[in-house]
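Engineer: From first to last, the protein sequence lines are chains A and B. Here the first sequence is numbered in the working numbering, starting from 1 and rising by one per residue. Here the second sequence is numbered in the working numbering, starting from 1001 and rising by one per residue.
Be aware that a few hints might be false.
As the list claims (entries may be wrong) - Sample of chain A residues facing chain B (criterion: CB under 7 Å; computed from the structure): (1) Asp-51; (2) Val-204; (3) Asp-279.
As the list claims (entries may be wrong) - So these bits of chain A aren't anywhere near chain B, every CB distance computed over 10 Å: (4) Arg-167; (5) Glu-189; (6) Lys-236; (7) Ala-274.
The hints are simulated quantities; they were obtained by calculation from the structure and are not laboratory data. All C-beta atoms in this analysis are idealised placements derived from N, C-alpha and C, irrespective of residue type, glycine included.
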Amino acid sequence: MTSVQSAPAVPSSAPSERRPVLEVRNLVKHFPVRSRGLVRRKIGDVHAVCDVSFELYPGETLGLVGESGCGKTTTSRVVLNLQPATSGTVLFDGREITGLKQSEMRRLRREMQIVFQDPYASLDPRMPVNEIVAEPLRIHGRYEKNGRRKVAELLRTVGLNPEHGNRYAHEFSGGQRQRIGIARALALEPRVLILDEPVSALDVSIQAGVLNLLEELQDRLGLAYLFVAHDLSVVKHISDRIAVMYLGRIVETATRDELFASPAHPYTQALISAIPIPDPVKERARTRIVVTGDVPSPVDPPSGCRFRTRCPKFANQLSSAEQQRCIEEIPALVDRGQGHPAACHYAEVVNVL
Amino acid sequence: MTASTGVSTSRNNSDGRSNDDALLLVDNLSVGFPTEDGVVHAVRGVSYTLRPREVLGIVGESGSGKSVTSMAVMGLLPKSAQVSGSVRFRNDELLGLSESALAKFRGEHLAMIFQDPMSSLNPVYTVGWQIAEALRAHHDMSKDAAMTRAVELLTTVGIPRAKERANNYPHEFSGGMRQRAVIAIAMANDPDVIIADEPTTALDVTVQAQVLDTLTTARHETGAAMVLITHDLGVVAGQADRVLVMYAGKPVEIGSVDDIFYTPRMPYTLGLLGSLPRLDAGDAERLTPIVGSPPSLINLPPGCPFAPRCPIRQPICDVEEPELRPTTSATHVAACHFSEQLEGKSPADLFQTSVADDVLPEDAGESEQQDRVVRGEETAEQVPGGGQS
Chain A
1 MTSVQSAPAV PSSAPSERRP VLEVRNLVKH FPVRSRGLVR RKIGDVHAVC DVSFELYPGE
61 TLGLVGESGC GKTTTSRVVL NLQPATSGTV LFDGREITGL KQSEMRRLRR EMQIVFQDPY
121 ASLDPRMPVN EIVAEPLRIH GRYEKNGRRK VAELLRTVGL NPEHGNRYAH EFSGGQRQRI
181 GIARALALEP RVLILDEPVS ALDVSIQAGV LNLLEELQDR LGLAYLFVAH DLSVVKHISD
241 RIAVMYLGRI VETATRDELF ASPAHPYTQA LISAIPIPDP VKERARTRIV VTGDVPSPVD
301 PPSGCRFRTR CPKFANQLSS AEQQRCIEEI PALVDRGQGH PAACHYAEVV NVL
Chain B
1001 MTASTGVSTS RNNSDGRSND DALLLVDNLS VGFPTEDGVV HAVRGVSYTL RPREVLGIVG
1061 ESGSGKSVTS MAVMGLLPKS AQVSGSVRFR NDELLGLSES ALAKFRGEHL AMIFQDPMSS
1121 LNPVYTVGWQ IAEALRAHHD MSKDAAMTRA VELLTTVGIP RAKERANNYP HEFSGGMRQR
1181 AVIAIAMAND PDVIIADEPT TALDVTVQAQ VLDTLTTARH ETGAAMVLIT HDLGVVAGQA
1241 DRVLVMYAGK PVEIGSVDDI FYTPRMPYTL GLLGSLPRLD AGDAERLTPI VGSPPSLINL
1301 PPGCPFAPRC PIRQPICDVE EPELRPTTSA THVAACHFSE QLEGKSPADL FQTSVADDVL
1361 PEDAGESEQQ DRVVRGEETA EQVPGGGQS
């Protein structure tokens, strides 16, 4: 096993100390939809994130999973205060950070860093890699003492050869570029990394190496990850706990093993059953829960339960009196006896694997 | 049975199967693209046979030549591409045909489904019109009859309220519906072969499941055989009868879907399987990535192109590129000098759960001497005295 050598010391609190490092409460993010023409009046809202709450504990990985347009990326941006929240609170270390000023936010960004999806777009093509990794250090005035050594150490930490630091990003493979992005995020010794689809642009054989690296870094540095992705197999592999999002809301949240052993929300069940398993015998023996249609527009989301328009349970199993409840009442994200919270009035465990 | 190198008169193709009842016969197909730096050998001798109603899965990573292979089969490559070898549909040679002669085969016998439905549909015509156009190109039928058939086809592929939807423009459809409309166009003329190039890659998983169902419907309705190109081994496991694994422009392993998934005989296949995070796996074990990256297809060094990343590399691998040879059975062939060593091996036995990735792509596969020369010049320009590897 190729072990990774000396790393920057990170003040990591023990995972046993169960105080969340990041707490998100009733987060809402709406984007205005404007009319055409000169005045561009506001004519509606894109309900990108609605009433999302979760905690992230030190040293753990929370997977935020959902299909495109479900609001998972917006959630991660709002948590970082890269986009202002419409309402709700984000607490970092018990301190409210929504509405902080730019300068105050900058200090906080040392603690919370992001790794972007596309390693081809997130690295400056005109900067040598050393400079890319050094940039956050310079911005925060930490480069002067031992800056060069620190950068070399960071490159080694992410499994790259520090001797390649003078090269430019285009000379690296996709997986290596993503490692550069991770090195840059680690430069300020953060406690929380927000990983926004960090491996979805990579080929599988390369993706595996980056996932291994992320696991190793977490073990060594005690980082907490908010891992945002659409690929449930990847999320299952890396996460301790998982929150499933659909159309701006969290529909189910559980520990990894529980979510896959006993999914209670019809959407989670459909999602798990839709993922192909690379095993011909198992794959051909499975029965799919097929969801009809496409995700509705977030400008005008369905009333009550947002999944009801595609829900196989709603369509096939519920009586019209029961359906009425789905239409009128927004299901709360609570435990209805399945062992973990699910936002479905008629939550019921179904084994789909 | 010895594997022939794909001479068109031979009775057996290099995938170990007889050519007698083949619907589509691709033989030693090679494609090169001239560039300023030299010729990119994107496809270097692909041979396969496709039987009626069979689904052949072609898997490989980006740049392995899987899409270029199918573009060459359809005759869709730009004029600058250097194509050689043979592509035969039943008994007709397709390579070298004129555009008008090819048009008879396209749609009627061979249909293609592309990855991005938005760029394969015309934004200024309604979806119904575009399906009718495909029908009228090959059949002498009235506009009304074609439109009626188009609505039928849209119903078959699962578009709700097809009659109204036929009058919509592509931008009014969602991604999954667009791809289903493209499938309807592909089905329109009852093709014998459908080539689907990453048909579900741009779609969400729940929609992917719907589109895969639609593809199955399309195959049953038309009785067509399918070439399914994808990087998703899960999709292949569920759909394909036979699988062709590509690496650096060449097939490195061909076999039945069970051969490939349960008894792989090429280290690359084994490595791919080991790097997949799986839903059905128990506790999170570390994955086993394949270190390094695929070689550049310009000036490919001699020997096995996978050798620089291979855990069982021997000196001979750097000298001689292995041919496809029969392994567990005559129809399961692999291009590896040491394929018998893989018997009973799991990915974890061969590959390491490594974390580092410290060889730059351009360095991999080049001889060390050449490497040093190139590096010296480059770094001298950028940072004097820095970055010698």
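Engineer: In ascending order, which of the hints set out earlier in this document are inconsistent with the structure?
Structural biologist: Hints 1, 4, 6 and 7 are the ones this structure does not satisfy, whereas the remaining hints hold.
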